[in-house]
Amino acid sequence: KNQVEQSPQSLIILEGKNCTLQCNYTVSPFSNLRWYKQDTGRGPVSLTIMTFSENTKSNGRYTATLDADTKQSSLHITASQLSDSASYICVVSDTNGGGNNRKLIWGLGTSLAVNP
Amino acid sequence: DTGVSQDPRHKITKRGQNVTFRCDPISEHNRLYWYRQTLGQGPEFLTYFQNEAQLEKSRLLSDRFSAERPKGSFSTLEIQRTEQGDSAMYLCASSLRAYEQYFGPGTRLTVT
Chain A
1 KNQVEQSPQS
11 LIILEGKNCT
21 LQCNYTVSPF
31 SNLRWYKQDT
41 GRGPVSLTIM
51 TFSENTKSNG
61 RYTATLDADT
71 KQSSLHITAS
81 QLSDSASYIC
91 VVSDTNGGGN
101 NRKLIWGLGT
111 SLAVNP
Chain B
1001 DTGVSQDPRH
1011 KITKRGQNVT
1021 FRCDPISEHN
1031 RLYWYRQTLG
1041 QGPEFLTYFQ
1051 NEAQLEKSRL
1061 LSDRFSAERP
1071 KGSFSTLEIQ
1081 RTEQGDSAMY
1091 LCASSLRAYE
1101 QYFGPGTRLT
1111 VT
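Taken in order, these protein sequences are the chains called A and B. Mapped onto the working numbering, the consecutive letters of the first sequence carry residue numbers 1 to 116. Mapped onto the working numbering, the consecutive letters of the second sequence carry residue numbers 1001 to 1112.
Errors might be hidden in some of the hints.
Per the computed footprint, the stretches of chain A lying under chain B, defined by three or more beta-carbons under 8 Å from a beta-carbon of chain B, are [as the list claims (entries may be wrong)]: (1) 42 to 49; (2) 106 to 113.
Quick list of the computed label-pair ranges, beta carbon to beta carbon [stated by the list, open to error]: (3) B:THR1038 <-> A:LEU14: 30 to 40 Å; (4) B:GLU1068 <-> A:GLN9: 34 to 44 Å; (5) A:GLU5 <-> B:SER1027: 35 to 45 Å; (6) B:ILE1012 <-> A:ASP39: 13 to 23 Å; (7) B:ILE1012 <-> A:THR70: 42 to 52 Å; (8) A:ALA79 <-> B:GLN1050: 36 to 46 Å; (9) A:ASP39 <-> B:PRO1070: 23 to 33 Å; (10) A:LYS17 <-> B:GLY1072: 40 to 50 Å; (11) B:GLN1017 <-> A:THR70: 48 to 58 Å.
Treat the hints as calculated values from the structure; they're not laboratory data. Quick reminder that beta carbons are idealized off the backbone N, C-alpha and C, glycines included.
Working from the sequences, and respecting the hints, build out all of it.
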């Protein structure tokens, strides 16, 4: 069964600290993996998208890694800020085109709280 | 603001009433998606348009739900005879390429 599992479920860190969120997936075949940030009551905002051939991608203080062999991804947040408090969701697709989105498999997210 | 917009942002309605939500995608995006998200869950795919054609509908989209995109630009999602189980966040997303979706802020529906 295609699944995306994220850990930890929730995380509290102090402002300025770094943290790493994990995503393990069993989706096959694999097309791409995305990390989204979702603030409470808002729509998800894309942070990174990685295809099979990419193993790292950065977006400012966010760096995502992908190991397609072990089917693991991580999202590293550097020098956290209070505004980083949100849910971070890992999404895996096994469809490369056609806009068929029933093949998007969403993780349940990691809830990150950054405290002053 | 050139992002995806949704209206209204919040809707409270009584059970049995009909509601309609609107989504305005990013102007050059030909693909438009509707999702439903309940608390603590990831978004669930409802339906997908490419231009004005509705190409994909989830089984979640019961006969009480209907979506349109008449001119290939904005889209509406209507829920008839709302039930309490319809309470959720309804998200719209648009894209130019299949896997780069931009989400709107969502419409929070509460059915009392």
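How the hints compare with the structure:
| no. | hint | result |
| --- | --- | --- |
| 1 | 42 to 49 | holds (count 6) |
| 2 | 106 to 113 | holds (count 4) |
| 3 | B:THR1038 <-> A:LEU14: 30 to 40 Å | holds, 31 Å |
| 4 | B:GLU1068 <-> A:GLN9: 34 to 44 Å | holds, 38 Å |
| 5 | A:GLU5 <-> B:SER1027: 35 to 45 Å | holds, 37 Å |
| 6 | B:ILE1012 <-> A:ASP39: 13 to 23 Å | holds, 21 Å |
| 7 | B:ILE1012 <-> A:THR70: 42 to 52 Å | holds, 46 Å |
| 8 | A:ALA79 <-> B:GLN1050: 36 to 46 Å | holds, 41 Å |
| 9 | A:ASP39 <-> B:PRO1070: 23 to 33 Å | holds, 32 Å |
| 10 | A:LYS17 <-> B:GLY1072: 40 to 50 Å | holds, 47 Å |
| 11 | B:GLN1017 <-> A:THR70: 48 to 58 Å | holds, 50 Å |
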